[in-house]
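Protein sequence lines correspond, in order, to chains Z and E. The number in this note's numbering is simply the position in the first sequence, starting from 1, with 11 added. The number in this note's numbering is simply the position in the second sequence, starting from 1, with 847 added.
Worth double-checking, as some hints may not be accurate.
Claimed, not checked - Here are some chain E residues the structure puts well away from chain Z; computed CB gaps all over 10 Å:
(1) 899
(2) 957
(3) 999
(4) 1005
(5) 1244
Stated by the list, open to error - Partial pick of chain Z residues on the chain E-facing surface, computed with a CB cut under 7 Å:
(6) 61
(7) 112
(8) 116
(9) 127
Please keep in mind that the hints were generated in silico from the structure rather than gathered at the bench. Each residue gets a CB set at the ideal place from its N, CA and C atoms; glycine is no exception.
Given next are the chains, with one letter for each unit.
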Amino acid sequence: MELLKIQKIEKRFINHLALDDVNMTVPENSIYGLLGPNGAGKTTLIRIITRITAPDKGRIFLHGREMKPEDIHNIGYLPEERGLYKKMKVGEQALYLARLKGLSKRDALKKLKYWFDKFEMQAWWDKKVEELSKGMQQKVQFIITILHEPKLLIFDEPFSGFDPINANLLKQEILKLKKKGSTIIFSTHNMGSVEELCDHITLINNAKNLLEGPIDKIRHEYKSNIYEITFNGEYQKLESAIKEHYQIIEQKKINGYNGVRIKLLHQTNENELLSLIIPAVEIISFNEIIPSMNDVFIKAVNENKK
Amino acid sequence: MNKINLIISREYLTRVKKKSFIILTILGPVLFAALFIGPAWIASIEDTEMKNIAVLDSSGIFINKLPDADYIKFEYIADKSLNDVKKEFPESDYYAVLQILPSIPYEPSAVHLYSKKKASFSVKSHIASSMEKELKNKKLRSHGIDEAVLESIKSDVSIRTIQWTDDGEAKESSTEIAMAVGYAGGFMIYIFIFMFGAQVMRGVIEEKSSRIVEIIVSSAKPFQLMMGKIVGIALVGLTQFLLWIILTFLIVSGVKTAFFPELGTKNAQEVVVQDMFEDQDIKQVENMQPQNMDQFSGIFNSIKSIDFGVIIGSFIFFFLGGYLLYGSLFAAVGSAVDNEADTQQFMFPITIPLILGIFVMINAINTPDSPIAFWFSIIPFTSPIVMMVRIPFGVPYWELALSMGLLILTFLATTWMAGRIYRTGILMYGKKVNYKELWKWIRYKF
Chain Z
12 MELLKIQKIE KRFINHLALD DVNMTVPENS IYGLLGPNGA GKTTLIRIIT
62 RITAPDKGRI FLHGREMKPE DIHNIGYLPE ERGLYKKMKV GEQALYLARL
112 KGLSKRDALK KLKYWFDKFE MQAWWDKKVE ELSKGMQQKV QFIITILHEP
162 KLLIFDEPFS GFDPINANLL KQEILKLKKK GSTIIFSTHN MGSVEELCDH
212 ITLINNAKNL LEGPIDKIRH EYKSNIYEIT FNGEYQKLES AIKEHYQIIE
262 QKKINGYNGV RIKLLHQTNE NELLSLIIPA VEIISFNEII PSMNDVFIKA
312 VNENKK
Chain E
848 MNKINLIISR EYLTRVKKKS FIILTILGPV LFAALFIGPA WIASIEDTEM
898 KNIAVLDSSG IFINKLPDAD YIKFEYIADK SLNDVKKEFP ESDYYAVLQI
948 LPSIPYEPSA VHLYSKKKAS FSVKSHIASS MEKELKNKKL RSHGIDEAVL
998 ESIKSDVSIR TIQWTDDGEA KESSTEIAMA VGYAGGFMIY IFIFMFGAQV
1048 MRGVIEEKSS RIVEIIVSSA KPFQLMMGKI VGIALVGLTQ FLLWIILTFL
1098 IVSGVKTAFF PELGTKNAQE VVVQDMFEDQ DIKQVENMQP QNMDQFSGIF
1148 NSIKSIDFGV IIGSFIFFFL GGYLLYGSLF AAVGSAVDNE ADTQQFMFPI
1198 TIPLILGIFV MINAINTPDS PIAFWFSIIP FTSPIVMMVR IPFGVPYWEL
1248 ALSMGLLILT FLATTWMAGR IYRTGILMYG KKVNYKELWK WIRYKF
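Whenever a hint applies, use it, and build me the whole structure from the sequences.
Here it is, written out as structure tokens:
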């Protein structure tokens, strides 16, 4: 069942087309990666989902019915460029922003207390925001985003500005939120965290969807029939055994063993490859190389350029 | 609706709790009170001590002729020389010794005033004017004009202005008081629009540059945020205004009962006005009493004739109307720029009509019904300032209604326009914006 469905969204700014026929289906209770180069239109798409701006064309469905203005109470949004009132006290400000999201004062206070205790931030309550470090401010913003327990959470570069310990803490919290039933849209340029967290992704480039689907499926689609072999024995022997049918891309030491990367050519398969190698050298390991999201991203965007 | 209330209360509370607000709220009335009490105080400190002045008149013209004043008493000494008086002077209770030489009718400087301390200006001017009057009378008499004629020649002009209302009622009025009230009202609106309009602009820039705006507009509409800010700051302005009035009243009446119990319950304005007239009293001490009473009752009547309900009511209306009109423009300017330094180019068209309003106001004080005063009190961009000046002089209801109606329509229009600029502007960074761009934003479909 999908939580959010975006259909044929088009958005034109005065001088350029920001989104052109963009589609997106976010399954319920998943972490959905929204990827794309700078200026691809991600922020515009997020602003349309959060109803900050309206699309020129297209429809948005939440839970299978068309989205309504009140639905923003079911969305928590942490923008990439985010800030707080510098002169306002942390607690006062968190309470204000929580109440703007529709929480009652009592509920907001109760929940804020829970989170401030959990992140050990009680001492910050009466401090002015400008007295906090950037990382501390980000924590406060994170809490404000998730406080009203929205169905849909949108994080735009949530890890930027965090040290590894706090970034990990945040990662754990995001996974916990998913476990509790939230659906998360996650926009980032950090492909490592995409692989780690996301179930589905969409890649937007030049205002258009380039890729969409489950992350594993996409990575498999971008396989290029490359295998990595580590072995005991002479490299020349291996090379002469397979030379005519296969292409060796790379030769290197892997964990103290000899290693190679081999690309399968047409009308060959991994079993035939193995049957050629086995007589020549002693095989330690044999893996297919699944491209990283980083590779997929670069490849997809570059192909699109052509 | 709930959200806009939340926004209003945040805007209001954070500002009212600020130290600068509290300081200005307290300092304002102290300054006002000083303005009202100062002149009265200065006038009163001079003459609290009885001053006896010994008169040695060798011309014989002024014996028993110089009039005593509130704190000045003349004693005429006939049998002593200046040297004798000088010897006795340190032990005597004389404030000063006035020596008049026989040549006084022909020689103006034939008068000497000896005193230990420097003689005060008021004593000196009282003596000089009394002597001039006496000499003049003497000369007139020597030309054969008798006492009765002299008495009948004395003339004073004091115009009492009375307004006839349409229903035939006669109302005592005072042009000076109307001018003062109108000027104060118009000028205060000008100051308030600038002060609180700039606060709106700075608030918008703060939200934009701290980047909190995107967090807020994902929970509330940009228009709610803009209106919440404008209304919240308007309430701050009204709070400050009311606190000023209350505090000024308390300070003035407190100081008055503590230091000037004789002034009783008259209000601050009367103190000033009364002072003005006391000055004149000194110059025309004789037979002023009946007229004096007349004048005072005239002032009382004219102060009563100014309808403070109407003035405060229309002040609040024109302040709010003018502020809402300009406040939304200030908000639009704030949204279009990244920092305060970039506001210059857009501030210009906002500042011009306000300053024009002040110029017309100064003109309108003298001629409240001139065509220029009329038109500028109807045109919404200057009407809050100019109309405030005209109101104490009396403005026909249809003009007032037209001016107010146009003001309401215009602020609705500017708010609508500003709202459209605002919602695009607050999310736009790093772009040099010009008027053409703003026009596109206004027409931009969201």
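Results for each hint:
No Cβ of chain Z comes within 10 Å of the Cβ of residue 899 of chain E; the nearest lies about 65 Å off, and the non-interface call holds. With 10 Å as the threshold on Cβ separation, the claim that residue 957 of chain E sits away from chain Z holds: the shortest Cβ distance comes to roughly 73 Å. Under the 10 Å C-beta cut-off, the non-interface status given to residue 999 of chain E relative to chain Z holds; the minimum distance is some 75 Å. The claim that residue 1005 of chain E is not at the interface with chain Z holds, since no C-beta of that chain comes within 10 Å of its own (minimum 57 Å).
Residue 1244 of chain E, annotated as away from the interface, keeps every beta carbon of chain Z farther than 10 Å; the closest lies near 43 Å. A cut of 7 Å between beta carbons decides the hint on residue 61 of chain Z: the least distance to chain E is about 4 Å, and the hint holds. Hint status for residue 112 of chain Z: holds, given a least beta-carbon distance of 5 Å to chain E, under 7 Å. Contact between residue 116 of chain Z and chain E, as hinted, is not supported at the beta carbon level, the nearest pair being about 10 Å apart and thus beyond 7 Å.
Hint status for residue 127 of chain Z relative to chain E: violated, with the closest Cβ pair at about 18 Å, above 7 Å.
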